[in-house]
Amino acid sequence: MTRTASLRRISNPKPPLYFQCDPKQITFVSTAIPYEKPNASGLTPDQTLALPERTIDPDGPEARILRSLRELYSCKSQKISYEIYTHDAVFHGPIGTARGIDAIRAQFDALPKLFPRSDIQKLRVLKNPPGTPAGLLLIDQDVAYFRNAHTASPFKVVNSLVTLQLDDTHQVIRHTEEWNHKSEATADDGFLGMLNEHRKKMTAGLTKEFMSKA
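Per our numbering, the sequence shown starts with residue 429, numbered consecutively.
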């Protein structure tokens, strides 16, 4: 190779491949899988929504529990409706936690003051997947809430996963309600905000009542 040829190759080098790409046109695509926080069942919302329905014994303890739940969520609770709970049962829902049967009763008994009517449009008892802890009862339900008992259209229809933890005597020790099967409700949901405001007023009223009896 002559000196002239060598100089010609050096003076006209081929640019590296990465210099031929405009950095402004490069798009980075994430391949990470979105993480879904498990709900009270230990499964993800998509997994519990896909669970098949199962039948129950109409004369068994589960039937008694379902009758009480229908009364509670239909704004038709009675004293007997709360006999499914242990004395120190815990209810955890999107707007807070009630500890003890008296607190649970106060929460559900106050619901008709905000919604004079609520209809259970769907209630499915779900088949527990393998590995589910003993005494777990999973329910998928749609509840329609009405601000006016005589209107045809509901104010809001809420889908939720109801997870009940039962003791050896088939009494409810923990009752968890999760909207759309998700462990956390959407903070910007106007329905959630309204319920939270009602809960504050209800709590203030209960505190005043207890103080007056002291």
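Any given hint could be a false lead.
Stated by the list, open to error - Here are the simulated lysine to aspartate or glutamate pairs, EDC-like style, with alpha carbons at most 16 Å apart:
#1 550 to 481
#2 555 to 464
#3 610 to 474
#4 610 to 485
#5 555 to 499
#6 507 to 485
#7 550 to 530
#8 555 to 568
#9 465 to 596
#10 507 to 537
#11 504 to 547
#12 550 to 537
#13 504 to 537
#14 610 to 568
For the record, the hints were derived by calculation from the structure and aren't laboratory data.
Query raised in the report: Given the hinted pair residue 555 and residue 568, is their alpha-carbon gap at most 16 Å?
Result: Answer holds: residue 555 to residue 568 is near 11 Å, not above 16 Å.
Query raised in the report: Under the criterion that the straight-line Cα-Cα distance not exceed 16 Å, is the pair residue 610, residue 485 satisfied?
Result: 29 Å, violated
Query - residue 550 paired with residue 530 [C-alpha distance capped at 16 Å] - result: 28 Å, violated
Query raised in the report: Is it true that the CA of residue 555 sits at most 16 Å from the CA of residue 464?
Result: Since the Cα atoms of residue 555 and residue 464 sit roughly 21 Å apart, the hinted pair is violated (cutoff 16 Å).
Report task. Could you grab the alpha-carbon distance between residue 507 and residue 485 and see if it respects the 16 Å cut-off? Result -> Distance of about 24 Å is beyond 16 Å: violated.
**Report entry** Given pair status - residue 596, residue 465, alpha carbons within 16 Å
**Finding:** 29 Å, violated
Requested in this report: Sort out whether residue 499 lies within 16 Å of residue 555, counting only the CA atoms.
Outcome: 23 Å, violated
Report task. Decide if the proposed pair is consistent with the structure: residue 550 and residue 537, CA atoms, cutoff 16 Å inclusive. Result -> 22 Å, violated
Query raised in the report: Quick one, are residue 610 and residue 474 close enough, alpha carbons at most 16 Å?
Result: Between residue 610 and residue 474 the Cα gap is close to 9 Å, so the pair holds against 16 Å.
Query - 16 Å limit on alpha-carbon distance, applied to hinted pair residue 504 and residue 537 - result: 9 Å, holds
Query raised in the report: Straight-line Cα separation of residue 504 and residue 547 no greater than 16 Å?
Result: 10 Å, holds
Report task. Could you grab the alpha-carbon distance between residue 610 and residue 568 and see if it respects the 16 Å cut-off? Result -> 12 Å, holds
Checked against the numbered hints listed earlier, the structure breaks hints 2, 4, 5, 6, 7, 9 and 12; every other hint is satisfied.
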